[in-house]
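*Asks:* Sequence:
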Amino acid sequence: MREIEEIVKEINSLDLEDQKKLLREIYPEYFQKRKTKRIKELPDLPHSGEVITRLPPEPNGYIHIGHGLSFFFNWYYARKYNGKVILRFDDTNPSKEKKEYYDSIKEDIKWLGIDWDIEKKESENVERYYFYAKELIKREKAYVCECDEEKIHRDRFEMRECRCRERGIEENLKLFELLKKGEIRGVLRLKGDMRSRNTAMRDPTLFRINLDPHPIVGNKYKLWPLYDFACAIEDAEVTHVLRDNEFHFRIEVQNYIRECLGLKQPFVREYSRFSVRGTPTAKRKIRPLIEKNIVKGWDDVRLVTIRGLKRRGILPQTVHELGREIGLSTAEPVIDWSIIESINRKLLDPIAKRFFFVGNPKELIVENAPEKIIKLRMHPTEDLGERTLRVGKKFFIPDIKEKEIRLKDLFNVRIIEYGEKIIGEYIDTTLKNIKKIQWVPEEHCNVEIVIPDVLFIGEQLNNESLKTVSGVAERNIESLNVGEIIQFERFGFCRLDEKNDVYRFIFTHR
RNA sequence: GCUCCGGUAGUGUAGACCGGUCAAUCAUUCCGGCCUUUCGAGCCGGCGACUCGGGUUCAAAUCCCGGCCGGAGCACCA
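Numbering follows the numbering used here, with no gaps: position 26 of the first sequence is 26.
A few of these clues could be false.
[Unchecked claim] Straight-line C-alpha distance at most 30 Å; calculated DSS-like pairs for lysine-lysine:
(1) Lys-181 <-> Lys-138
(2) Lys-292 <-> Lys-408
(3) Lys-432 <-> Lys-421
[Unchecked claim] Quick list of simulated restraints, FRET-style, between CB atoms:
(4) Glu-183 <-> Phe-249: 47 to 53 Å
(5) Glu-183 <-> Ser-48: 43 to 49 Å
(6) Asn-293 <-> Ile-351: 48 to 54 Å
(7) Lys-138 <-> Glu-183: 20 to 26 Å
(8) Glu-478 <-> Glu-270: 49 to 55 Å
(9) Glu-50 <-> Arg-377: 45 to 51 Å
(10) Lys-285 <-> Pro-370: 57 to 63 Å
(11) Glu-270 <-> Lys-80: 16 to 22 Å
(12) Glu-489 <-> Glu-291: 36 to 42 Å
(13) Pro-213 <-> Ile-351: 45 to 51 Å
Hints in this document: simulated from the structure, not taken from any laboratory. From a predicted model like this one, the values you see are computed outputs, not experimental measurements. Quick reminder that beta carbons are idealized off the backbone N, C-alpha and C, glycines included.
Input sequences plus hints: build the corresponding full structure.
*Replies:* If you want it as structure tokens, here you go:
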């Protein structure tokens, strides 16, 4: 070993060039550039046997891109390892769940291109939670506490154990039955560790009484499990839990509950919550914006709710790609819209039909223009079919200063007069190196394009987060269906949102 | 406040676990150029980063300690 040290010392005493020279002689491969081009994939996870993951939405609102990414990760690994996906509604709070959201969430998940093998609702599993609760009581790991909320709080803060903790098994069992009937006030608590540094471990509440009717099971139950308990039981059936670090401190609790009950422990992997710059995701932040009419609803195109993204023209696959890009990051990513747009553009470019559109148009009259019917490709390189345009003397064009222009794909025009209308004269069709402009023939559709921008710049509300451009487009857009995403050449990708006298589009991105 | 977690170009990300192919990856933004009957796509090039300070070591983005900054949690919500 001394020899090695001496050799290292000797080599280190050489200067860099000499070291390189020496290395070139004895180990030339070192200098060959290693190509590390690889497609971005999510890292492997430890697994053996069947893989089961879960998507756990609470049916209390619309899901957003954060849920979408979380669902994507869980779905991705289940599919990668030929496992199963459980869609599980975490609906154990009768005061918050709403019937309508069960379906809307399923629609949104389907739209994302994410499927599942098993669907369940925790609200339909309450008897099972009761069973395990009694089991915990029998193992002296849980007790009924009749203290009020405030005292429980204080005890927790002061790390003091409650006297309710000393009750015997039989009494706890009896009180638990009364709790189920709602005949006494109180909660079921876990015998955790009141001195734990993790406050979540200080005898957390497992069940509480809630008399509100539940959208699925109505008034069947008065005693409802809390998140940690229901989740601990349910997650014993999955092998991999991928979730954001909001739940970091609950892992210890849930693991402990399963340990007490002799249930299996899933593999847990956490990642950070992420956000999109200038765009709120939290319901409590979005709701006031809706109430103040700053955004138009949960599907507002400036939001990153799944509905908002869909309306804007973001493709489901873009969410998948974004998931691969960010990965199970433990930093706190703040995604720029440009990254979403760039991914989306690459996916959209080969499949979006092209049409002509002119914003803020001016009229151009070309007196001696030959009337004709022309055919144009729907896409410059892909085979998406053709479209026809009938052209005459009258055109709509953007405002120009040039003396000579070429109407793209048509002919050259010499400008004679600039006024309210522009008057021009037909030259010829030979391709010249002059400015090519977009145009729309006399037969046109009126178009409005809504252009979204970020809602917030820093903490400041962006007053110009929604702009509108009016203009005209070729009549061929009449054949489009609402929801189709096309490209208005030299303007950008747009999604048809509404088809009336005026065609309303949402600007997706350039 | 307390407890955890994190910090690589403007942004996202690879590398870190296992120190030496890192003179640091890929993408995005921005800027040039090429190509194109789209200002889109594509191609080529450019700018641009290891949070700071100490320590360990022949050698630190990588290991250790501390500061700074950011985030999360601290419910009879999930």
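*Asks:* If a hint holds in the structure, say so; if it doesn't, say that too.
*Replies:* Consistency of the hints with the structure:
1. Lys-181 <-> Lys-138: The hint holds at about 20 Å.
2. Lys-292 <-> Lys-408: It is violated: about 45 Å lies between the C-alpha atoms, which goes past 30 Å.
3. Lys-432 <-> Lys-421: holds (25 Å)
4. Glu-183 <-> Phe-249: 47 to 53 Å: At 33 Å between Cβs, range violated.
5. Glu-183 <-> Ser-48: 43 to 49 Å: Because 47 Å falls inside the window, the suggested range holds.
6. Asn-293 <-> Ile-351: 48 to 54 Å: Violated, since Asn-293 and Ile-351 (Cβ atoms, about 35 Å apart) do not stay within the stated range.
7. Lys-138 <-> Glu-183: 20 to 26 Å: holds (21 Å)
8. Glu-478 <-> Glu-270: 49 to 55 Å: Given a distance of about 51 Å, which is inside 49 to 55 Å, the answer is holds.
9. Glu-50 <-> Arg-377: 45 to 51 Å: The hint (45 to 51 Å, Cβ to Cβ) holds, given that Glu-50 and Arg-377 are roughly 50 Å apart.
10. Lys-285 <-> Pro-370: 57 to 63 Å: Holds - the Cβ-Cβ distance for Lys-285 and Pro-370, about 58 Å, lies within 57 to 63 Å.
11. Glu-270 <-> Lys-80: 16 to 22 Å: Given range 16 to 22 Å: holds, Cβ gap about 19 Å.
12. Glu-489 <-> Glu-291: 36 to 42 Å: Cβ of Glu-489 to Cβ of Glu-291: about 40 Å, so the range 36 to 42 Å holds.
13. Pro-213 <-> Ile-351: 45 to 51 Å: Since the Cβ atoms of Pro-213 and Ile-351 sit about 47 Å apart, the hinted range of 45 to 51 Å holds.
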